[in-house]
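> Sequence:
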Amino acid sequence: MGKVAATLIVLTWAGVSPVHADEPVVELDLAIQPVLSANATHDRYLPLARYLSEITGYRINLVTSPNFVAYWQGMLRSDRAPDLALDASHFTGYRAKYMGYKILARIPDKVSYSLVTRDDDLVMDPNEIIAEPIASFSSPGMGAVLLDRMFPSVFRKPVVVEMPGTEDAIRALREERVRAAFIPSRLVGSFPGLFVVATTEQHEAPALSAAPSVSIEARRRLAETLLNMQHTEAGRLALEQSAIERFDTPTEDAYLDDAKLLTAYWPMGPHRQMQ
Numbered sequence: 074m075g076k077v078a079a080t081l082i083v084l085t086w087a088g089v090s091p092v093h094a095d096e097p098v099v100e101l102d103l104a105i106q107p108v109l110s111a112n113a114t115h116d117r118y119l120p121l122a123r124y125l126s127e128i129t130g131y132r133i134n135l136v137t138s139p140n141f142v143a144y145w146q147g148m149l150r151s152d153r154a155p156d157l158a159l160d161a162s163h164f165t166g167y168r169a170k171y172m173g174y175k176i177l178a179r180i181p182d183k184v185s186y187s188l189v190t191r192d193d194d195l196v197m198d199p200n201e202i203i204a205e206p207i208a209s210f211s212s213p214g215m216g217a218v219l220l221d222r223m224f225p226s227v228f229r230k231p232v233v234v235e236m237p238g239t240e241d242a243i244r245a246l247r248e249e250r251v252r253a254a255f256i257p258s259r260l261v262g263s264f265p266g267l268f269v270v271a272t273t274e275q276h277e278a279p280a281l282s283a284a285p286s287v288s289i290e291a292r293r294r295l296a297e298t299l300l301n302m303q304h305t306e307a308g309r310l311a312l313e314q315s316a317i318e319r320f321d322t323p324t325e326d327a328y329l330d331d332a333k334l335l336t337a338y339w340p341m342g343p344h345r346q347m348q
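The working numbering puts the first residue of the sequence shown at 74, with every later residue one more than the last.
It is possible that some hints are incorrect.
What the hints assert, rightly or not - Using C-beta positions, here's what the derived DEER-type ranges look like:
(1) Phe228 - Ser286: 40 to 46 Å
(2) Glu201 - Ala327: 32 to 38 Å
(3) Ala327 - Phe228: 30 to 36 Å
(4) Val227 - Pro265: 33 to 39 Å
(5) Val234 - Thr305: 42 to 48 Å
To be verified - Cut-off 20 Å, straight-line C-alpha distance, at most; resulting in silico cross-link-like pairs (EDC-like, lysine to aspartate or glutamate):
(6) Lys175 - Asp152
(7) Lys175 - Asp330
(8) Lys183 - Glu100
(9) Lys230 - Asp198
(10) Lys175 - Asp331
(11) Lys175 - Glu325
(12) Lys333 - Glu274
(13) Lys175 - Glu297
(14) Lys183 - Glu274
(15) Lys175 - Asp326
(16) Lys175 - Glu100
(17) Lys175 - Asp102
(18) Lys333 - Asp221
(19) Lys183 - Glu325
(20) Lys183 - Asp321
(21) Lys175 - Asp321
(22) Lys230 - Glu201
(23) Lys183 - Glu318
(24) Lys183 - Asp326
(25) Lys175 - Glu290
(26) Lys183 - Asp331
(27) Lys183 - Asp330
(28) Lys230 - Glu205
(29) Lys230 - Glu274
If you are wondering where the hints come from, they were derived from the structure by calculation, not from laboratory data.
Keep in mind it's a predicted model, so treat the numbers as computed, not measured.
Backbone N, C-alpha and C define an ideal beta-carbon position, used for all residues, glycine too.
Work out the full structure: start from the sequences and follow the hints.
Printed below as a string of structure tokens:
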């Protein structure tokens, strides 16, 4: 059986009815930032990928990363850069400003990070965590960037223990392997027994962007599908299963401004050739 025929069978199983059965199906990789573990990320966003595949007729393949270092390296390598990316505002802004990505849709929310401890170990000030072990994401994720901003002095910082995902950070905290954890504020309520010490400033919520290699027609169809998800029963279900409220039309400038967080924190990559 040929590749095209095999692909069409998969799409038909997923509920897709290709318009031109004699044309190869377009495959697009969708990278998701590793705020959760790779397995949890895949499970959470699979409904979104399936819905996009079903409505657009493209085959959307989820791509996960074990940590933010691998995510960043894949972002900078042209042979590994994804067709689509759903990631934090500083990554989205960097892609748009320096790599030619087009922002298709945004999640209408703000993002912050919270410094948390166990509720039986109350800490009233972040300075109490200095020199103590803290579970956080690897650089250059938004968590690492904002943690550095919370502790700007190179001589007065907690000892960062890098974790691949939020669940791992909370597990380390509960097992008393770390004194605190630094996690997305919206996930605090998912884990009972936490005490919030401090919360960072807010930034734009993640957005979904498309690489310059993605055709104008594909961008149009994907953006239209994302923005209309909230208006269909199947779309609302996919959003709910992926823990997304809805997608809105993006304001590009808000994301471009956050690109400086990444260039300042990690001075390498395409922006160096554009300065």
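> Run every hint past the structure and note whether it holds.
Each hint tested on the structure:
1. Phe228 - Ser286: 40 to 46 Å: Holds, since Phe228 and Ser286 (Cβ atoms, about 45 Å apart) stay within the stated range.
2. Glu201 - Ala327: 32 to 38 Å: Since Glu201 and Ala327 have Cβ atoms about 34 Å apart, the given range 32 to 38 Å holds.
3. Ala327 - Phe228: 30 to 36 Å: 34 Å, holds
4. Val227 - Pro265: 33 to 39 Å: 35 Å, holds
5. Val234 - Thr305: 42 to 48 Å: 43 Å, holds
6. Lys175 - Asp152: 19 Å, holds
7. Lys175 - Asp330: Within the cut-off at roughly 15 Å; holds.
8. Lys183 - Glu100: 31 Å, violated
9. Lys230 - Asp198: With Cα atoms ~13 Å apart, Lys230 and Asp198 stay inside 20 Å; holds.
10. Lys175 - Asp331: 15 Å, holds
11. Lys175 - Glu325: Holds: Lys175 and Glu325 sit about 9 Å apart, inside 20 Å.
12. Lys333 - Glu274: Judged against 20 Å, a Cα distance of about 15 Å means the pair holds.
13. Lys175 - Glu297: Answer holds: Lys175 to Glu297 is near 14 Å, not above 20 Å.
14. Lys183 - Glu274: 9 Å, holds
15. Lys175 - Asp326: Holds. Lys175 to Asp326 sits at ~12 Å (cutoff 20 Å).
16. Lys175 - Glu100: 18 Å, holds
17. Lys175 - Asp102: 15 Å, holds
18. Lys333 - Asp221: The hint holds at about 14 Å.
19. Lys183 - Glu325: 15 Å, holds
20. Lys183 - Asp321: 13 Å, holds
21. Lys175 - Asp321: With Cα atoms ~14 Å apart, Lys175 and Asp321 stay inside 20 Å; holds.
22. Lys230 - Glu201: 10 Å, holds
23. Lys183 - Glu318: 12 Å, holds
24. Lys183 - Asp326: Satisfied, since the Cα-Cα distance of roughly 15 Å is no more than 20 Å.
25. Lys175 - Glu290: 13 Å, holds
26. Lys183 - Asp331: Roughly 13 Å separates the two Cα atoms, so the pair holds.
27. Lys183 - Asp330: 15 Å, holds
28. Lys230 - Glu205: Holds: Lys230 and Glu205 sit about 8 Å apart, inside 20 Å.
29. Lys230 - Glu274: 19 Å, holds
When the structure is compared with the earlier hints, a violation turns up for hint 8 alone.
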